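With the hints as constraints, model all of the structure from the sequences given.
So for the sequence shown, this note's numbering puts the first residue at 1; every next one is plus one.
For the record, the hints were derived by calculation from the structure and aren't laboratory data. Remember, predicted model here, so these are calculated numbers, not experimental data. Each residue gets a CB set at the ideal place from its N, CA and C atoms; glycine is no exception. Certain hints may be false.
[What the hints assert, rightly or not] Straight line, CA to CA, 25 Å or less: simulated DSS-like cross-link-like pairs of lysine-lysine: (1) K113 / K182; (2) K54 / K68; (3) K137 / K54; (4) K240 / K68; (5) K20 / K10.
[Unchecked claim] Simulated DEER-style distance windows between Cβ atoms: (6) K68 / S23: 33 to 43 Å; (7) I195 / T263: 31 to 41 Å; (8) M124 / I195: 21 to 31 Å; (9) F136 / S23: 34 to 44 Å; (10) I19 / K201: 37 to 47 Å.
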Amino acid sequence: MQKENYKSKKYSHVILTIIKYFSLILAVIVVVAPVLVILFAAFKTRTEFNVSGKLDLPNSFLYFDNFKTAFTDGGMITGLKNTVIIMAISLVGTIIFGAMVAYVLDRFEFFGKKLVFGAYLMAMLIPMVTTQVATFKIVNFLGLFGTIWAPIALYLGADVMSLYIMLLFMESIHVSLDESAKLEGASYPYIFFRIILPNLKPAIATVAIIRGVTIYNDFYIPFLYMPDQKLQTLSTSLYKFIGPYGGQWNVICAGVILIIIPTLVAFLTLQKYIYNGFVNGSVK
1 MQKENYKSKK YSHVILTIIK YFSLILAVIV VVAPVLVILF AAFKTRTEFN VSGKLDLPNS
61 FLYFDNFKTA FTDGGMITGL KNTVIIMAIS LVGTIIFGAM VAYVLDRFEF FGKKLVFGAY
121 LMAMLIPMVT TQVATFKIVN FLGLFGTIWA PIALYLGADV MSLYIMLLFM ESIHVSLDES
181 AKLEGASYPY IFFRIILPNL KPAIATVAII RGVTIYNDFY IPFLYMPDQK LQTLSTSLYK
241 FIGPYGGQWN VICAGVILII IPTLVAFLTL QKYIYNGFVN GSVK
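Quick look at the structure:
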């Protein structure tokens with residue numbers, strides 16, 4: 001009987017191991033396959049792209065005309081400039097507003113406190129697409145449509161993830177620091193900007209990286225609210241290679257790689273700050 005139980009457990013362990021590794025291999029294929037398709041297509045001529053398979057190797061990995069076309073004809077310098085401006089202003093606003101909201105929710109007791117935090121959670125549950133008609137009307141009414149301020153205004157609001165990270169780190173800042181500053185006659189703005197904000201540096205770094213990548217990769221909002229080519233961002237700059245009868249997908253793939261490179265470098269360089277921000281925040 002014991003031998004049968006042992007064999008049964010052994011077979012179950014083997015089956016679970018097979019399922020585990022099969023799932024991992026399948027997940028790797030799902031993630032890597034699209035990347036390989038884009039990488040191979042970026043080095044193919046248009047004719048080669050049309051006649052070859054998507055996972056077929058290009059004739060040469062030294063064919064860089066697609067990258068040159070994507071960079072020059074796509075206007076990536078203009079796209080990079082606009083993207084940096086939007087990211088810089090949006091991140092500063094998101095961090096300051098998010099830290100302020102976290103400071104108020106953590107340090108003060110007032111009527112409707114839980115309601116405010118609940119409103120943030122409810123907003124996260126509402127699909128963004130369903131609110132775009134109302135959002136578009138508001139943006140147009142304010143005269144922001146067709147300006148660089150339209151996406152900035154929409155990005156400025158602190159999202160739930162940013163607020164949650166800020167709140168986790170706020171709990172690690174002891175209230176005695178606030179009380180000591182109050183005894184010295186410090187005002188609430190002074191306490192926030194000179195005591196709270198400097199102690200939120202790990203949270204600020206985490207929010208800046210996560211939110212920055214989201215803004216950098218966003219296509220929908222810049223495309224909808226900034227139709228002028230002079231206001232194109234990196235994510236919308238490649239759309240000009242898509243025509244009514246098809247697209248230059250080899251050039252688009254090359255452009256995608258050019259756009260991915262800064263994000264990849266930033267992530268590989270700063271990944272420890274992202275992980276530390278989540279881990280440290282979760283144990284506060």
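The hints, checked one at a time:
Of the pairs offered as hints, the one joining K113 and K182 holds, with about 23 Å between alpha carbons and a cut-off of 25 Å not exceeded. With a CA separation close to 22 Å, the supplied pair K54 and K68 stays within the 25 Å bound. For a cut-off of 25 Å, the pair hint linking K137 to K54 is broken: about 42 Å separates their Cα positions. Annotation: proposed proximity of K240 to K68 holds, straight-line Cα distance about 15 Å (limit 25 Å).
For the proposed pair K20 and K10, the alpha carbon gap of about 15 Å is at most 25 Å, so the pair holds. Range check, K68 to S23: about 41 Å between beta-carbon atoms, so the 33 to 43 Å window is met. In this structure the hint that I195 and T263 lie 31 to 41 Å apart at CB holds, the actual value being about 34 Å. For M124 paired with I195, a C-beta distance near 30 Å keeps the hint of 21 to 31 Å intact.
Taking the beta carbon of each, F136 and S23 are about 42 Å apart, inside 34 to 44 Å as hinted. In this structure, I19 and K201 meet the distance hint of 37 to 47 Å, their C-beta atoms being roughly 43 Å apart.
This entry does not satisfy hint 3, going by the numbered hints stated previously; all others are met.
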